Amino acid sequence: MQEFKKEVSFVEKNKIAIKKKNMFIVNYIKDVFNGVKSLVVGLRRTMYYFSHHKEIITEQYPDNRDTLVLPDRFKGEVILVHDENNEHACTGCTACELACPNATIKIITKFDISPEGKKKKAIDKFVYHLELCTMCNLCIVACPTDAIKMAQTFEHSVYNRAELTKVLNKQGSKIREGVE
Amino acid sequence: MVEEIGRTADGDIIINVGPQHPATHGVLHLVITINGETIKKVEPHLGYIHRSIEKMCESLTYRQFIYVTSRMDYLSSHINNHACALCVEKALQIEVSSRAQVVRILLDELTRIASHELWWGAMAMDLGAFTPFFHAFRERETINDIMEETCGARLTMNYIVPGGIMQDIHPNFQKRIKDFIKLYKSKISEYDELVTGNIIFQNRMKGVGYLSAEDAISFGVTGPAARGSNISCDVRKIYPYEIYDQLEFVEVLETGCDSFARYMVRIREMNQSIRIIEQLVDNIPEGDFQTKTKAVLKLPKGEFYQRVETARGEFGVYIVSEGGTTPYRIKFRSPGFSNLSALDHMARGSKLGDLVAIMGTLDLVIPDIDR
Ligand code: SF4
Ligand code: SF4
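Quick note, the sequences are listed as chains A and B, same order. Mapping of the first sequence onto the working numbering: residues -8 to 171, in sequence order. Mapping of the second sequence onto the working numbering: residues 92 to 462, in sequence order.
Honestly, the hints are just simulated from the structure, not real lab data.
The calculated lysine-lysine pairs, modelled on DSSO-like cross-linking and capped at a C-alpha distance of 30 Å, are:
hint	chain 1	residue 1	chain 2	residue 2
1	A	Lys97	B	Lys389
2	A	Lys111	B	Lys385
3	A	Lys28	B	Lys278
Predicted model, so just to flag it, every value in this text is computed and none were measured.
Please take these sequences and the hints and turn them into a complete structure.
Here is the structure:
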């Protein structure tokens, strides 16, 4: 009895093994087929873009320099706004200097003598270290008279580090009338 | 036996990956012990981009220290800024207007999508596919344009300040976001065509880098990496901040525990972020964008902690204040650091070629780990 059982199980086992082998081959072919299919699906995408040049969005910098428009909030560098009379709105209150986390701004003040003989505080030099600036916008927000703003320039590379230290108030400029 | 240089006593080879290696996405230095092709140990060496940000923050005021956190996890800089602002607001009990809250969340979710998109491109590149990188950048570029227009910068925005946001949103803000949603929905199927369905990709991801739920918890893994192991850890759900508790979105969970599960979590999470954005973009309330705060912020004496969900996991800000204008001590809990600690465990026993794939699914940003 036991011998017989053994034999049956042996035959069964053999059957299962053959089935497994068949399954393995079927799965193998399926895998190959699926693999090729997935590659074709991906390649179709690639070919689509190959034949649709219009959808390419690469920007041709620096060839497009003339047409390149940056948003007006873009933070490129800090500038002191001068109007056509070479006047600015900086009172020398040093609020920006205190707001700056990196000591980028140094305001050097002097005392002007007005025609009436009164002493008035004004900026002598607005020193700005572009190399230290992180464009965080905190100085612009801190300024009570909106004298400074962010410019949209971004090509700041120079050969000499010293060129990055700038004096922002122009030669002979003075504070606008009425700005306190 | 005399120990040879570059070999252990057992004869295993020790090799260096990085610190200058494109696959480590930064200056991460891995010392790997291998036996043939099999990894026996992975030892991360840190410190190549350490800038002592925590120490720096001790000399900055509560307005100034926020911008530094953009330089940690620069791909979710907005969310880092958000955490800091929230922590300061919590300490000073500043009420933020609902307009600012909605804008902050919109920007957070846009940042999350941008970060996941970059990760998706980089992940495919790690496995040898170069095209997806450009496809990912196309959508990411649209988000960067939105950021550029409203916040003035593409990566290190510094737009969130204690009390609200720095400037009001740009008039084009909503229109641009809607354009982006349209673009995203028309292009997302390409992601699956190009990468997800690819058989080579699947074979290299499935069953690789196994991280069980218990191990994920014991290593402190958070974010999409942990959610791939079926751990519910989304801070937006568990400890909701701002108005996240009023929004409809699901926490994406996968049960695979392998690299592919972590991959799928991020892909599905992008769709959830789109869902959040869709709910909010037309409903930005009117009102102030910033609450009036004192010119000089002084935190009361005490300890404050705030956590948020960045694109990589839980980010925490811990401020110890002595009552002055600058913090006494600041500690950042960065998600990348804890996630990296699980790398050794996940990579042991797998082949050297899979290391990069495993590392890719952790989405490491090295300045976030090193600070
Ligand atoms: S933008 Fe920031 S770093 Fe630059 S000068 Fe202004 S406050 Fe200083
Ligand atoms: S730029 Fe503005 S903040 Fe700076 S010193 Fe002049 S007025 Fe004051």
